[in-house]
Amino acid sequence: MIHSTALPTRRGALALLAAAGLSVPARAGSLRVATVDWSVLETLLALGVPPVAAPELRQFREIAVEPEVPVGVTDLGLRGTINFELLLMTRPQLIFSSSFYVGSEPRLRRIAPVETFTIYASGLLPFEPAVAMTRSIGARLGIAERAERYIAETQAELAALRDRLKPYATRPVIPVNLGDARHFRVFGDDSMFGEVLKRLGLANAWTEHTSYSAMAPIGLEALVRVPEAFIVLIPPVPPGAMQALAASAFWNALPNLREGRLLQIGSINPYGGLPAARRFARLLAAALIEAGAARG
Amino acid sequence: MAEAIASTGLPPRGHRSAWLLAVLAAALLFATVVATRPPLQASPELASTLESILLWHSLVPRAVTALLSGAALGLAGMLLQRVLRNPIADASTLGIASGAQLALTVATAYAPALMAFSGEGVAFAGAIAAVVLVLGLSWRHRLDPMTVILSGMVVSLICAAASAVVILARGEYVLSLFIWGAGSLNQQSWDAALALAPRLALSAILAALLLRPLALLGLDDDMARSLGLALHGARLAVLGLAVWLAASVTAQVGVIGFVGLAAPALAREFGARTPRRMLLAAPALGALLLSITDSAVQLLGSGFNDLAPTGAATALLGGPLLIWLMRRVPPALPPQVADPPFRGRARSLGSLAPLAVIIAAIAVLGLVLGMGPDGWELATGQLFQELLPFRGPRLAAAGCAGALLGAAGCLMQRLTANPLAGPEVLGVSAGGGVGLMLALTFLPASAFAMLAGIAGGSLVVLLVMLLFAARPGVGPQRLLLAGIAMGALCMALVSTALAQGDLRAYMLLVWLSGSTNRAGELEAWTGLIACVVLIAPVLFTVRWLDLLPLGEAASRSLGLPVEGSRLCLAAVAALMTAVASLLVGPLSLIGLIAPHLARLAGFARARGQLLASVLIGGGVMIVADWLARLVAFPYQMPVGLFAALIGGPYLIWQLNRGGGRNG
Chain W
38 MIHSTALPTR RGALALLAAA GLSVPARAGS LRVATVDWSV LETLLALGVP PVAAPELRQF
98 REIAVEPEVP VGVTDLGLRG TINFELLLMT RPQLIFSSSF YVGSEPRLRR IAPVETFTIY
158 ASGLLPFEPA VAMTRSIGAR LGIAERAERY IAETQAELAA LRDRLKPYAT RPVIPVNLGD
218 ARHFRVFGDD SMFGEVLKRL GLANAWTEHT SYSAMAPIGL EALVRVPEAF IVLIPPVPPG
278 AMQALAASAF WNALPNLREG RLLQIGSINP YGGLPAARRF ARLLAAALIE AGAARG
Chain U
340 MAEAIASTGL PPRGHRSAWL LAVLAAALLF ATVVATRPPL QASPELASTL ESILLWHSLV
400 PRAVTALLSG AALGLAGMLL QRVLRNPIAD ASTLGIASGA QLALTVATAY APALMAFSGE
460 GVAFAGAIAA VVLVLGLSWR HRLDPMTVIL SGMVVSLICA AASAVVILAR GEYVLSLFIW
520 GAGSLNQQSW DAALALAPRL ALSAILAALL LRPLALLGLD DDMARSLGLA LHGARLAVLG
580 LAVWLAASVT AQVGVIGFVG LAAPALAREF GARTPRRMLL AAPALGALLL SITDSAVQLL
640 GSGFNDLAPT GAATALLGGP LLIWLMRRVP PALPPQVADP PFRGRARSLG SLAPLAVIIA
700 AIAVLGLVLG MGPDGWELAT GQLFQELLPF RGPRLAAAGC AGALLGAAGC LMQRLTANPL
760 AGPEVLGVSA GGGVGLMLAL TFLPASAFAM LAGIAGGSLV VLLVMLLFAA RPGVGPQRLL
820 LAGIAMGALC MALVSTALAQ GDLRAYMLLV WLSGSTNRAG ELEAWTGLIA CVVLIAPVLF
880 TVRWLDLLPL GEAASRSLGL PVEGSRLCLA AVAALMTAVA SLLVGPLSLI GLIAPHLARL
940 AGFARARGQL LASVLIGGGV MIVADWLARL VAFPYQMPVG LFAALIGGPY LIWQLNRGGG
1000 RNG
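From first to last, the protein sequence lines stand for chains W and U.
Note that this note's numbering gives residue 212 to position 175 of the first sequence, counting from 1, and the numbers run on in steps of one.
Note that this note's numbering gives residue 768 to position 429 of the second sequence, counting from 1, and the numbers run on in steps of one.
Heads up, a few of these hints could be off.
Coverage of chain W stretches by chain U, computed from C-beta distances (three or more under 8 Å per stretch; other residues unrestricted) [claimed, not checked]:
#1 74-85
#2 122-136
#3 173-180
#4 188-202
#5 224-235
#6 315-329
Covered stretches of chain U, going by a simulated chain W footprint (3 or more residues, C-beta under 8 Å) [what the hints assert, rightly or not]:
#7 392-398
#8 723-731
#9 818-824
#10 974-981
Hints in this document: simulated from the structure, not taken from any laboratory.
Ideal Cβ placement from N, Cα and C applies to all residues, glycine included.
With the rest of the complex left out, here is chain W (with noise of 0.2 Å):
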């Protein structure tokens, strides 16, 4: 029903969107494969690899928002109830699913072969877990040769955004995520956000630990521990809540705040593998020296 297209046609149609250095959904060694998980996903479209299914690709555009996912990629439906009868019918030879699924796996090896990871865990760094996540999907998918290649880039852009922002290192930073006009959700170092501070230099003014997640919300006022610090604002931001902030007298009493150092960044996945990690050093970086250029 799914893979019913003719043979001669799909070749011809995959070499022409090749060609124009567009990925499909496809079979990297021909190999049909499905996940469940976001990490997962963003590292197989950055890896050139887009699986067949992969789930809640609405919120995943939204989010998550690159790598772009081909139109041909199935959505399996919200992450805590995956969609196994719609996995079931895409047909994957190997379904590739995190620590957060435990629960689901029983299920989806009834369809496939299952291979697990473990970015977030309590007591784990997420980062090199990224890494030998990177790894081993190259691995297993005859491609580790542009996994090394993709994680020496990820490690050089790094790199080279850290020698960019030293001018900027004197000051930390608190990534934030906003729940209301009256909470936030913050990152602490044992999340990717901190792994990625950490490995610009950037010191995250955020230093109790949040077991590798956010915090359950916690009031605004808290803000006033960080003075020094730049705010960096990860998306969604709730409707309405920057109007209210905007009209807030305690927040545009934050010395953040009236010197300048409130940062509007895009969406990113809280819980991404390489690809999120570097879309948020690349937002983060470009945010920090536009805010140094304003001030001269």
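Following the hints, position chain U against chain W.
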């Protein structure tokens, strides 16, 4: 502020020291919050600037917002209790707060522009809709207090389920945030205080102007009318005022449960009797109560993290308070939902066969009919073989859970002689949630520990409810109300854990949403074995089930070991509830509606009703699961919540119907 209110010469002699104590406690706690806030790392100069920002733009406005919200809720509660002549009326027991919250959630999700335009308007619309529904349901009962509150609590349950569906359908990551947003008093500006203050002042003035009608509303209708009061007009004005106040608070700080219930009750304990005194005492006590709770939540947390959202903390007080206050409600009310009438003569067991056939047909349809990438699809042959390992277990799990809930509901309704009893209404499912929370905290994670936790929690709550039911003078409605109060208490505990947003919270959320999506062989077999092991023995006790509703004396004289049989059946019902809630979550209302439908179908005797409940419960749950799988394909809804959205309206319809028969 509170000091000012409290020192207006209001306290009657003898209660002055109590007032003084309350004011002192609130002031002292707030001073402690200010004094013990964590030190800031900055230069002394900058630190002092920041300290003053923190104090004047966060801590003080938060304290004032707490006082104002508490006062507003206290006033709203007092007005509602007066106008409805109901000592347990409150924004939370009437569904006003949940209605407002649901409207806010839906608007945030689907019409953010509306929220930007007027969050308060949205909240007010939701609150009005909820209160109209609740009063409409109890209208034919002449707004009998118990009926009103029962309808209100059921509407609250349904609103909460609908809010959860909306949130889960948009990705679960916002949930902990949603819970904090729903009842946290954190402030970084005076906006909320400035919005609430004029509303409170205006309402207080209007309420003072309505003082005479308010006093007369305390009398009965004929008397009030003969004194020349435009009864309906005055009632409507007071009601509208109270709803507006409560909706404003919900729009500003979310759901703060039960303050409006507690404040007037405390005011009465403090000696306020006349409407004039109540008008001052209820808001003042509401303000003090919320202020004390809010300070406690801040002090018990660490650093800048509150222990829990303040709204959840007040809800913890709400359950016990409601039970304590119930003794004030006049007894001897007509039962509110009578057993549905029999259509013709009672059916024999043989007529279960067509029912079984229908349900088998539904099950087969559920197995073959689904959706694929190309739309609707009838799975046959090879594809059916492949899909069966996925559809089979989830269908079996859903069906078994429905069957168990049907049986549990039937047992509970017969044990309590109450046609509205059920696992959710008696708080048994929510008790399972507390058990699960404890198990996740103190035991190594395993399916067995989870089941044990849920079963233990369910059993404890059911036993408490049975003990309560056995006390003299506890009518069926009182029992239901106690159960709902118990459920509210347990859910407040669960929400507090959920709000932490850690792995335990995630597990609780998965349980709460009740998805059969991951059901595999283990779940299917658990369900099937539980059905056999738990339902079959009950069939040998049908004599008990036929006799127990006749009352204790009658049962005993007929030679029934009352305590023993009750305990035994309660344990079985709790286990049924536990297994079912493990499979489909705690909130499905199937346990309530299946026995009803069984009666409607004419199965009146215990054996027939039990078996029919089992079949109908299973059937309805299978349909709910099938719909949950397909309505938003490929996105799947949680079956438990989906079933609640089917069961809820049915329950409301039942409440209304009962009204028609008795009113």
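Results of checking the hints against the structure:
Beta-carbon proximity to chain U at under 8 Å applies to 0 residues in the segment 74-85 of chain W; the threshold of 3 is not reached and the given coverage is violated. Restraint check on the segment 122-136 of chain W versus chain U: 5 residues with Cβ-Cβ distances below 8 Å, three needed, restraint holds. Three residues within the 8 Å Cβ limit are the bar, and the segment 173-180 of chain W against chain U gives 0, so the coverage statement is violated. Restraint check on the segment 188-202 of chain W versus chain U: 0 residues with Cβ-Cβ distances below 8 Å, three needed, restraint violated.
By the rule of at least three residues with a Cβ nearer than 8 Å to a Cβ of chain U, the coverage given for the segment 224-235 of chain W is violated, with 0 such residues. With a threshold of 8 Å between beta carbons, the proposed coverage of the segment 315-329 of chain W by chain U is violated, since 0 of its residues qualify and at least three are required. Interface restraint, the segment 392-398 of chain U with chain W: holds (5 residues with C-beta to C-beta distance below 8 Å; minimum three). A count of 5 residues in the segment 723-731 of chain U with a Cβ less than 8 Å from any Cβ of chain W is obtained; the coverage claim is therefore met, three being the minimum.
Proximity of the segment 818-824 of chain U to chain W, defined as three or more residues with a beta carbon under 8 Å from a beta carbon of that chain, is not established by the 0 residues found. Restraint check on the segment 974-981 of chain U versus chain W: 3 residues with Cβ-Cβ distances below 8 Å, three needed, restraint holds.
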